[in-house]
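**Student:** Protein chains in written order, with this note's numbering: chain A, 728 to 963; chain B, 239 to 464; chain C, 45 to 267.
None of these hints come from the bench; they were simulated from the model.
Only a predicted model underlies this, so the values are computations on that prediction, with no experimental measurement involved.
Backbone N, C-alpha and C fix where the C-beta goes; we use that ideal spot for every residue, glycine too.
Just so you know, not all the hints are guaranteed correct.
Said to hold, decoys possible - Label-pair restraints from in silico Cβ distances:
hint, chain 1, residue 1, chain 2, residue 2, range
1, B, Gly430, C, Lys206, 36 to 44 Å
2, A, Asp791, C, Arg114, 52 to 60 Å
3, C, Val63, B, Leu277, 53 to 61 Å
4, B, Ala437, C, Ala230, 19 to 27 Å
5, A, Ser859, B, Asn363, 39 to 47 Å
To be verified - Counterexamples of contact, computed for chain B against chain C with all Cβ distances above 12 Å:
hint, residue
6, Arg258
7, Asp285
8, Pro406
9, Ala419
Stated by the list, open to error - Sample of chain B residues at the chain A side, in silico, Cβ under 7 Å:
hint, residue
10, Met239
11, Ala241
12, Tyr242
13, Arg245
14, Lys252
15, Ser260
16, Lys261
17, Glu262
18, Asn319
19, Asp323
20, Gly324
21, Pro329
22, Lys332
23, Leu410
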Amino acid sequence: MIEATGLRKSYGTTLVLDDVSLALPAGRCLALLGPNGAGKTTLLRILAGLVRPGAGRLRVGGVDALRDPDAVRAQVGMVAHGSFVYEDLTARENLRFWGVMGGLDASPAHLRERLQAVELEAVADERARTFSAGMKRRLGLARVTLGRVPLLLLDEPFTGLDRHGQKWLVEFLLAFKAAGGTVVLTTHSFGGGLAVADRVILLASGRVLLDRPTAGLALDELHRVYDAIVEGAGTP
Amino acid sequence: MIAYARRTWIVLWKDLLVERRSKESLNALLFFALLLLFLFQFALGPDRERLHAALPGLLWLGFVLAGLLGLGRSFVAERDNDCWDGLRLTPGDKSAIYLGKLAANLVVMGAVEAVILVLFGLFYNMDLVSVAGPLGVVLALGTLGLATVGTLFAALTAGVRARELLFPVLLLPVQVPVLLATVSATQIVLAGQPLVDAAAWLRLLAGADLVYLVIGILTFEFVLDT
Amino acid sequence: MSARATRILGGLALLALAVGLAAGFGYAPREAVQGNVQRIMYIHVPAVLTAYLAFGLVLVGSIGALATGRAGWDRLAGAAAELGVLFTGVTIVSGSIWGKPTWGTWWTWDARLTSTAVLFLVYVGYLLLRAMVDEPERRARIAAVVGIVGAANIPIVHFSVKWWRALHQPSTILGPEPSPIAAPIAAALFVNWVAFTLLFLYLLLRRVELARLEDAWVPETRR
């Protein structure tokens, strides 16, 4: 599903990603871990086709991202920090807007069903301004599941979710994978990440310092490895 | 084609909804229009003749100033919550977004202009009702000229440093021909002359509007990708 | 263009300017009505022609930048805009100097001066915009769109200002345009125009090269 080799990105004099390569087959989930400023969000945005890498190659779903970023974007559902929420619109209106913009089914019945799926039915007609960060993220998930996208890119989806919310998200993502979808998520929540991910990559200072399957990886071991590597690399 | 129209419509719907919900900006614009009225009066003094002679110019000055404020904020909502990225990720021809935004701006500007006109009519004792039709034509063409470039430049400067300063600096010089044309045509219309006397100016306006619209449609997707 | 070729171009430009100076201030006859001050036309007219050439290149560069996404086109647009603003400034100042003794004022809202002033404002804004965006890719795109709008606007400005002036009946002598153009005057004008164009091309090449070097410089990368 995703094949990236030697991705590099600089903003002015700052090198944000340095020779990043990764491969992810369809139906799998990749968790990107790393300290703040490691380049996780930039990598995610490159995978979404929103940012052009300075160097390197990237294929998403068989499409060359450098040649045809629009085709890459068409395959991607993204929920980032901002979660694409218009604060002055209600949840339902937000969904309707993005649904029509995406050429998807935005009928009242479908919108209601999606809001139910993310447990926002109760606040469907409240303005998004009143939502917590977790609720906005759930709204984002409702948005990306209005249609069928093969690839979900989630930037710190566990942030702002309580235990119940986290459990809900894990179930949601596992079901998404089971239906054949691919997921890449960044997170600071190792527990949540391990629960859904098949593979984990540790990014620090723009470089891949760890890239291994999660099979057999226990939570405390991951913590130990993380601390060791990040300390060794020296955080920015 | 239908999908394009639906996307244009939903952008218009969304923008007007947001505008109505966050009432502060429309109210502020209208209040600003009222303030301008007083400012013009104070700046030009009590001489009635002088004021009346300057009226077409003052009218359009008012529209442009209000336009600067209103248009400049077209894409501010998109910059929140990464909605800009959200728009980039949507499929299809992005110029639908431009047209939707343009339509919303035209509606808002139209409302502000109507209020300014009414206020002008009252405060400066102008008879606008008898020339309403021709005046409406000039207004429509002029506002289109302002809004087409204004919407495009608002998108351009949305994420740029010193946006509030850059937007007027970029927009105003480009608006010079529109301003010249509209003020001249307004002068003709307010003097009670038939619309056909302003034909040359109106043709220029229409031509300019078309050029700006086409450029906006063709270049908007590049602007989004910034 | 190779460094040597550029230097030759520079030399040619210098030579042409010298000849032009001689032609304008020596060879061409003294104008009957206005006197020697009219000679400033040999700077004013070539300057405005060169400015239009520059802004035409801004349009070309802008379209190229959007169509191909390659930085070279944007460098062309930026350099041409800087030179265009420079030559427009020369046009305005020389027009002003011409105007003072001729019409008694430093400024007059005649069609050409007004159009040129509007042009000046548009492209100064363009340069300000370029200065506010740091990333080259982003800057190229944003500037290109403004460049295209600015260029498309030039004929619209021209006509609107011309008609506006016609309305307001300038009582001044309509423009410093010598009505039947005598051969020596035309010749001197032509030489100066060629000289200005050569100078412009030389400066353009140097400026584009400088921009290329600026972009290529990879500073000590910070993580």
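**Student:** Determine which of the earlier numbered hints do not hold for this structure and return their numbers in increasing order.
**Tutor:** Hints 1, 2, 4, 5, 8, 9, 10, 12, 16, 17, 22 and 23 contradicted; others consistent.
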